[in-house]
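Chemist: Spelled out, the chains give:
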Amino acid sequence: MRMEDGCVVELTALMPCNGILPITIGETTLSEVDPGRITALMPFRGQHAALTEALQAAHGLGFPEPGQTTVAEGASCVWTARDQAFLMGPAPDDSLAPHAAVTDQSDAWSVVLLAGLDAEDVLARLVPIDLRPAAFPEGAAARTLCQHMSVTICRRAEGLQIMAFRSMARTLAHEISDAMASVAGRRAAG
Amino acid sequence: MRLTCPICGPRDRREFYYQGDAVMLDRPGADAPPQVWADWLHLRDNPAGRTRDLWYHEAGCTAWLAVERDTVTHEVFSVELVESADAD
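First to last, the protein sequences are chains A and B. First residue of the first sequence: 582, per the numbering used here; consecutive thereafter. First residue of the second sequence: 101, per the numbering used here; consecutive thereafter.
One should not assume that every hint holds.
Said to hold, decoys possible - Counterexamples of contact, computed for chain A against chain B with all Cβ distances above 10 angstroms: (1) F625; (2) V652; (3) A678; (4) A705; (5) A738.
Stated by the list, open to error - Here are a few chain B residues that face chain A, going by a calculated C-beta distance under 10 angstroms: (6) R111; (7) D112; (8) R113; (9) Y118; (10) D153; (11) H157; (12) E158; (13) A159; (14) G160; (15) C161; (16) A163; (17) A166.
If you're looking for bench data, these hints aren't it; they were derived computationally from the structure. These figures come from a predicted structure and were not determined experimentally. By construction, the Cβ of each residue, glycine as well, lies at the ideal position given by its N, Cα and C atoms.
Construct the complete structure from the given sequences, taking the supplied hints into account.
Modeler: Here is the structure:
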C-alpha cells in the first residue's frame, strides 16, 4: 500500500509457534492453540464476589479458585497467579472493569496443547508437579516451571494446555519436543 | 526439599526463591535509634536448628511465605503467607 511518499508494508499477523508446530512423535502431539483474546483479570481488594457476578452475567463463568479453571461456551477463565486469572476466548465485557484491573495479554503468550499417549510422561521430565489425571484432573490449573521457564498449565478435555511467554515459544517447543523424543525412544526400546 | 504453599499445595524447592531471615518483617519503629536500624538491617544469626525464613513462590502463585524449618534435620514445621503474619 502506498501512503504519501513512502511504502507501508501490509503486515501479516503470525501465531507465536508459526513454522514450529505441530510436532508429532510416537503417539503424542504438540500443537499450537489459538486462544482467542487473552485478558488478565486482577480483582480489586474486596471485589472477588462482585467480579464473579459480573463474569457470570457477561461470559457465563466465575472467577476461578486457586488452581482451577472455569469454563463456559467459547470462554474459559484460568487461574494464573495470586489474585489473577486469564479470561481466554471472548473480548472482556465492559462490566468487568469496575471490579478488576483488566489488561489485554493476547499477543504476549504462546499457547500449546500436548495430547496423546505420553503427554503426562513427557511433562514429568520437565515440570516439578504431578500432572497425572488423578492429581491434575480436567479443570485443574497450575503455575509452575517447565525446565527454567515459568508456565501456566491447565488440563482441557483435549489434553494438557501449556502457556509460556511468547518470546519463549521456540524454547518451549524445543524443550517439549526433546522430551517427547526421549519418552518415545524409551517406549520403542521396550 | 518441598514446601507446602498455602495457596498452591506441596511444591518443589525449584519453584521458590530464598530471601533470608524473617526478622525482616520486624521493622523497627520510625523513631528507633540508628543502631537499632543498623542491627535490624545487617545483623543475622546463623543457627544450627530452628529458623524462620522468607521465601518467595516465584514460579508459582507469587506469594511471599514465612517458613519455619530446621537447618539440621531439614524438617519443615510451618509455611504461612507473609500477608497473614505481617500487617504491613
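Chemist: Going through the earlier hints one by one, which of them does the structure break, listed in rising order?
Modeler: Numbers 9, 10, 17 - these are the hints that the structure violates, sorted from lowest upward.
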